[in-house]
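Participant: As you go down the protein sequences, you meet chains A and B in turn.
In this text, residue positions in the first sequence follow my numbering: the first is 1, and each later residue adds one.
In this text, residue positions in the second sequence follow my numbering: the first is 1, and each later residue adds one.
There could be a bad hint or two in this list.
Calculated lysine-lysine pairs in the DSSO-like style (CA-CA distance at most 30 Å, straight line) [to be verified]:
no.: 1; chain 1: B; residue 1: Lys136; chain 2: B; residue 2: Lys228
no.: 2; chain 1: A; residue 1: Lys59; chain 2: B; residue 2: Lys22
no.: 3; chain 1: A; residue 1: Lys81; chain 2: A; residue 2: Lys59
no.: 4; chain 1: B; residue 1: Lys142; chain 2: A; residue 2: Lys38
no.: 5; chain 1: B; residue 1: Lys2; chain 2: B; residue 2: Lys172
no.: 6; chain 1: B; residue 1: Lys228; chain 2: B; residue 2: Lys172
no.: 7; chain 1: B; residue 1: Lys2; chain 2: B; residue 2: Lys22
no.: 8; chain 1: B; residue 1: Lys142; chain 2: A; residue 2: Lys13
no.: 9; chain 1: B; residue 1: Lys157; chain 2: A; residue 2: Lys13
no.: 10; chain 1: A; residue 1: Lys81; chain 2: A; residue 2: Lys5
no.: 11; chain 1: B; residue 1: Lys22; chain 2: B; residue 2: Lys157
no.: 12; chain 1: B; residue 1: Lys73; chain 2: B; residue 2: Lys172
Calculated from the structure, these hints are not laboratory results.
Note that the coordinates shown come from a computational prediction; the quantities given were computed from them, not determined experimentally.
Letter by letter, the chains look like this.
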Amino acid sequence: MQNKKAVVYVRLKDGVLDPQGVTIQRAILNMGYDVVDKVRSGRFFELELVDGNGDLRGKVEEICRELLANPVIEDFSVEFK
Amino acid sequence: MKFGVVTFPGSNCDYDAYAAAKLIDEDVEFLWHQSTDLLGCDVVILPGGFAHGDYLRSGAIARFSPIMQSVVKFAASGGMVMGICNGFQVLVESGLLPGALMRNHHLRFSCKFVYIRVERTDLPFTASCRVGDVLKIPIAHKDGNYYNFQGDLQQLKDHNQVVFRYCDRDGKITEASNPNGSADNIAGITNREGNVLGMMPHPERAMESILGSGDGLRLFESIQAFCKRGVNVEKA
């Protein structure tokens, strides 16, 4: 059966400063929780796919490289569901 | 000579750039983002604003506007391209300039006058300045934190691609004068060929002293002087 959905996760590369993550971690500390040492923020996309032939994974990864992630600062991963 | 100012949906400094060109008595045309015709302009300006709502990442969608295919070709053939603020973000997303512009380190939108030091004057954009000149120019952005990996940052410096750096009013490069966390206080860079400039500060908003500063005028006058000399100017 053809895959119908691709879930794309985009994360900042290791070593790239994530000021949003730092701020969220600080908020968690202010909430009174001491169980979180570090937060890294990111985003995800659900791509609903049309039935088609060819290299679906290859095409989705191309879309990620060209648009959804900025390869200078971000990594991505794709799951098919 | 003729300036071209690209208007993306969400651009909001296109009229300022247009007015800046008029102020120095040059021709100027708006270039709609759906067009691919640069109308024979000598310099293309990608203006500030929020192209395509800054959805996804600032500049990420604008890169796929039809006009950008022509801008990329124009730049590759040596044409002068100047990206201001959001335009700088479009240039890095398009790969015309290296690196990335990330969220300001303090996470706030920052709108104020800053000082920048001119690091290079062998470019059309700064030809009428002297190295070390301090310009007072406003910034207005949330994503202006210039980032590049250590090795690539070193390459950028090795190739002398840093054009402007944030400084204090005396021209000293200090942490306190860095408004957004940019690596090495970088405020503006060029490509290796020197025909594409990206900068976060807004020279087009500093064209008359009644507006707080007339220092932006010097960049526009530089371009004008460069074109008047007629040194290998590529026509679009």
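Participant: Hints first: check each against the structure and report whether it holds.
Facilitator: Checked hints:
1. B:Lys136 <-> B:Lys228: Answer holds: lysine 136 of chain B to lysine 228 of chain B is near 26 Å, not above 30 Å.
2. A:Lys59 <-> B:Lys22: violated, 46 Å
3. A:Lys81 <-> A:Lys59: Holds, at roughly 16 Å.
4. B:Lys142 <-> A:Lys38: holds, 23 Å
5. B:Lys2 <-> B:Lys172: violated, 36 Å
6. B:Lys228 <-> B:Lys172: violated, 33 Å
7. B:Lys2 <-> B:Lys22: At roughly 10 Å apart (the allowed maximum being 30 Å), lysine 22 of chain B and lysine 2 of chain B satisfy the hint.
8. B:Lys142 <-> A:Lys13: holds, 21 Å
9. B:Lys157 <-> A:Lys13: holds, 23 Å
10. A:Lys81 <-> A:Lys5: holds, 5 Å
11. B:Lys22 <-> B:Lys157: violated, 34 Å
12. B:Lys73 <-> B:Lys172: With Cα atoms ~38 Å apart, lysine 73 of chain B and lysine 172 of chain B exceed 30 Å; violated.
In summary, the numbered hints that this structure violates are 2, 5, 6, 11 and 12.
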